[in-house]
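Starting from the given sequences, assemble the full structure and let the hints guide the process.
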Amino acid sequence: MFKYVIRRLLYAMLTVLGVVTIVFILQRTTGDPIAVLLPADVPLEEQARFRAILGLDQPLHIQYVKFLMGMVRGDLGYSYRQGAPALTLVLERVPPTLKLAAAGMAIAIAIGLPAGVLAAVNRGTALDRLVMSSALVGQAMPVYWTGILLILLLSVRLRWLPAIGYGGVKSLIMPALAVGSYSAARIARMTRSSMLDVLRMDYVRTARSKGLNNRSVVVGHALRNALIPIVTVLGMEFGSLMGGSVIVETVFAWPGVGRLAVNAIMGRDYPVVQAVVIVVSAIFVLINLGVDLTYGLLDPRISIANSRKR
Amino acid sequence: MYLHGFSTRVSRAVMMSVVVVLMSLLLGPMSYVVVGAPARANEVVIAQGADATTLDPQKQSDTDTGNVCMSIFDTMLLRDKNMEIQPALATDYKRISATEWELNLRRDVTFHNGEPFNADAVKFTFDRVKDPATKALAASYFSTISECTVVGPYTVRFTTNAPDPIFLARMTNMFIVPPKYIKEKGDDYFSRNPVGTGPFRFVQWIRDDRVVVEANENYFRGKPAVSRLVWKAVPEMATRIAGLQSGEIDLVQSIPADQVGVLKASRDVTLLTTPSAQLQMVNFNISVAPGDNKNFRLAVAHAIDPRPIVAGLLDGYAAVIDAPISNVIPNAPTTVKRLAYDPVKAKEYLAKAGYPSGISIDMVCQNGKYPMDKEIAQVIAQQLAQVGIKVNLKPTEYGQFQTILKNKTISPVYVSGGNNVWFDTDPQITAFYGTGGALSTYSNPALDELIEKGRTSMDAKERVSTYEKTYALVRDEAAGIGLFQYTVVSATSSRLNWSARPDARIWAYDISFK
Chain S
1 MFKYVIRRLL
11 YAMLTVLGVV
21 TIVFILQRTT
31 GDPIAVLLPA
41 DVPLEEQARF
51 RAILGLDQPL
61 HIQYVKFLMG
71 MVRGDLGYSY
81 RQGAPALTLV
91 LERVPPTLKL
101 AAAGMAIAIA
111 IGLPAGVLAA
121 VNRGTALDRL
131 VMSSALVGQA
141 MPVYWTGILL
151 ILLLSVRLRW
161 LPAIGYGGVK
171 SLIMPALAVG
181 SYSAARIARM
191 TRSSMLDVLR
201 MDYVRTARSK
211 GLNNRSVVVG
221 HALRNALIPI
231 VTVLGMEFGS
241 LMGGSVIVET
251 VFAWPGVGRL
261 AVNAIMGRDY
271 PVVQAVVIVV
281 SAIFVLINLG
291 VDLTYGLLDP
301 RISIANSRKR
Chain R
1 MYLHGFSTRV
11 SRAVMMSVVV
21 VLMSLLLGPM
31 SYVVVGAPAR
41 ANEVVIAQGA
51 DATTLDPQKQ
61 SDTDTGNVCM
71 SIFDTMLLRD
81 KNMEIQPALA
91 TDYKRISATE
101 WELNLRRDVT
111 FHNGEPFNAD
121 AVKFTFDRVK
131 DPATKALAAS
141 YFSTISECTV
151 VGPYTVRFTT
161 NAPDPIFLAR
171 MTNMFIVPPK
181 YIKEKGDDYF
191 SRNPVGTGPF
201 RFVQWIRDDR
211 VVVEANENYF
221 RGKPAVSRLV
231 WKAVPEMATR
241 IAGLQSGEID
251 LVQSIPADQV
261 GVLKASRDVT
271 LLTTPSAQLQ
281 MVNFNISVAP
291 GDNKNFRLAV
301 AHAIDPRPIV
311 AGLLDGYAAV
321 IDAPISNVIP
331 NAPTTVKRLA
341 YDPVKAKEYL
351 AKAGYPSGIS
361 IDMVCQNGKY
371 PMDKEIAQVI
381 AQQLAQVGIK
391 VNLKPTEYGQ
401 FQTILKNKTI
411 SPVYVSGGNN
421 VWFDTDPQIT
431 AFYGTGGALS
441 TYSNPALDEL
451 IEKGRTSMDA
461 KERVSTYEKT
471 YALVRDEAAG
481 IGLFQYTVVS
491 ATSSRLNWSA
501 RPDARIWAYD
511 ISFK
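Line by line, the protein sequences are chains S and R.
Using my numbering, you'd call the opening residue of the first sequence number 1 and step up by one each time.
Using my numbering, you'd call the opening residue of the second sequence number 1 and step up by one each time.
In case anyone wonders, no lab produced these hints; they're calculated from the structure.
Honestly, I wouldn't trust all of these hints.
[Claimed, not checked] Here are the computed distance ranges between Cβ atoms for each label pair:
| # | chain 1 | residue 1 | chain 2 | residue 2 | range |
| --- | --- | --- | --- | --- | --- |
| 1 | R | 435 | S | 92 | 41 to 51 Å |
| 2 | S | 92 | R | 43 | 16 to 26 Å |
| 3 | R | 312 | S | 133 | 39 to 49 Å |
| 4 | R | 334 | S | 64 | 52 to 62 Å |
| 5 | S | 236 | R | 320 | 48 to 58 Å |
| 6 | R | 227 | S | 57 | 43 to 53 Å |
| 7 | S | 92 | R | 42 | 27 to 37 Å |
| 8 | S | 92 | R | 186 | 13 to 23 Å |
Where a beta carbon is used, it is the ideal one built from N, C-alpha and C, also for glycine.
Below is the structure:
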């Protein structure tokens, strides 16, 4: 188990290095940072002087080696636009993003899981159709639109919640609802199909024939075994939310990682883009590792040690 | 039994997850945001599209950051609402030779930390911005100034490389920073905890969320009317407008024309309009065919009619211009008239250019940099199609647009927005039409000569007449075609007194309550 985790972490580091290398090269093909950093009418000599100050006049491989050497020391460079170390800027945005992702996931699980189970248990009934059509609407509604509707209703009309800003539970409710409603729809659909598979299994029939009541069959036997694909989806959803929900962060002026990333990309702030990619891909890889380890917890037949021996 | 044990483990895991979620919700500040205006009587919230990138005024170059810095710092000189240059930290100025300016400073100013403001602070500021180690984005504003010397405790002298007609305008961008504080605390600390001489002192900054400042009681112009000012970063315009309507936001600039109607219906919101230096134009890349063909360029000039764009797309929140420069610029031409919209003539010029049966071209335009920029280019493309110029429109993100413009690999015709931060003709015409200009794909020795004459003359009247000739030549050669200048629409909560400025700056000291 321990060896497995170490091996996975080594792979994770390689993955992060690969991703950041691709980003390092790709972003340098998208245009000159000086073109967006300095006012448009700045004379060309002044632009060249500034390019040299930022080290952007050096050949690509030299820039890359310098970047790698910095990365080894934990120095991801200095933001061109924000006058601060790139890593600090990213780490500052992690708590708001974590809050939003956690609250969004809590809402998504609270709605999506019971809805999916109910739909599966009552397959083919009006309730099933209601849940599934709601899920379809939930997934089809662009998050941007949901966000604006929430603001118009809860903030402009009813004046219950602030339209903008960060700080406190009130400001978290609407962004979390916008994020959560989308994920809830996905989780409900996934739960329903996974539950339907499991409910057909022999052990469920056995449990029923033992005389167990419906509740303990569904919750105690079926749901538990249906959880593996659901946990996979949850991990993926949480991972992508940790990358920052760009649209929700933009609509609700939420100071998270996604907005930082978009601003850095638009502003050609290479060090910040690289730092975001490193931090986010590391989080994503770690969450995936966590999900894989959870499989063993949910179903002891999936044993990491055994699978390696086989 | 097995299932029972497993169920306990899972329940524990679920419980743990709930605890983690709750804990993360509780992380960080728990201050409740108060909704509505009445709770914040003397506080004003200004929402901008972007947060300040830094609070070190020498390391910024964008308007949103500049506005925040203007509330904390003072500049040497300041433009008033009419764009006239007025004293600020400098009380008066005099030109003592073609390349030397002497400025006297106020004697009653201290920084927010008590540090004195004097000639040494000005020299420190200038030397710091020029030092490559500072990596100051604002250095480009002072590229023509070579030296700052201290003449007396409250007198400084600046030396320029050559006669500089916009020297005084440059001084309106020179934010003075505190030498002792920066030396003691370092650049990083200063950029997060700024100390200036301005009307407001810094209180708090949560990146990408808000900068909070409060009134400087000892401000040399008198205490500001607003006691607490919050600069909110709200990237989405729809949210900014919703915030205005819900009373959480007091001031928003650059409202898109299609949103004005929504706000007109709001009782608690006041709308303000002002002509601006922002404009749209059609330019040519003369290093590729057919941009190098004067007859082709004239065909394009006669084929374009900006009036339907102004009336239709922008609901009248713009004004047609005769030359590719806004008329709010003090020495912009006033007598030059644009080439008439005349499709018949356009077809004649196209035939003369060697394309009697029409031509197919690429046309690059900006996408999302200026209001409706892509839609404007779509209308232009339709107008060109009507005279036989079939356009393959290529909307391009701003950074990429700037890059292909500078490489001169941009399409033969392109639609481009523009601005003029100096409120002077020289930097704009040099950048867009001078040989080797930062945004120029055009080159014409006769035009260069006129630009040089305008730049080196220190006589304001002579400069105006030179620029009349310059823009007449731009029109006759069809080097570029002005379309329209934008009208900036701003909205404030009705409890505020404030007037919008043509430079789209927000000088927060100007805000008061009704």
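Okay, the hints, checked on the actual structure:
1. R:435 - S:92: 41 to 51 Å: Given a distance of about 45 Å, which is inside 41 to 51 Å, the answer is holds.
2. S:92 - R:43: 16 to 26 Å: holds (25 Å)
3. R:312 - S:133: 39 to 49 Å: Given range 39 to 49 Å: holds, Cβ gap about 40 Å.
4. R:334 - S:64: 52 to 62 Å: Hint holds: Cβ distance 54 Å, inside 52 to 62 Å.
5. S:236 - R:320: 48 to 58 Å: 53 Å Cβ-Cβ, so the 48 to 58 Å window holds.
6. R:227 - S:57: 43 to 53 Å: holds (48 Å)
7. S:92 - R:42: 27 to 37 Å: Distance hint for residue 92 (chain S), residue 42 (chain R) holds at roughly 30 Å.
8. S:92 - R:186: 13 to 23 Å: holds (19 Å)
Figure legend: structure checked against the earlier numbered hints; every hint is met.
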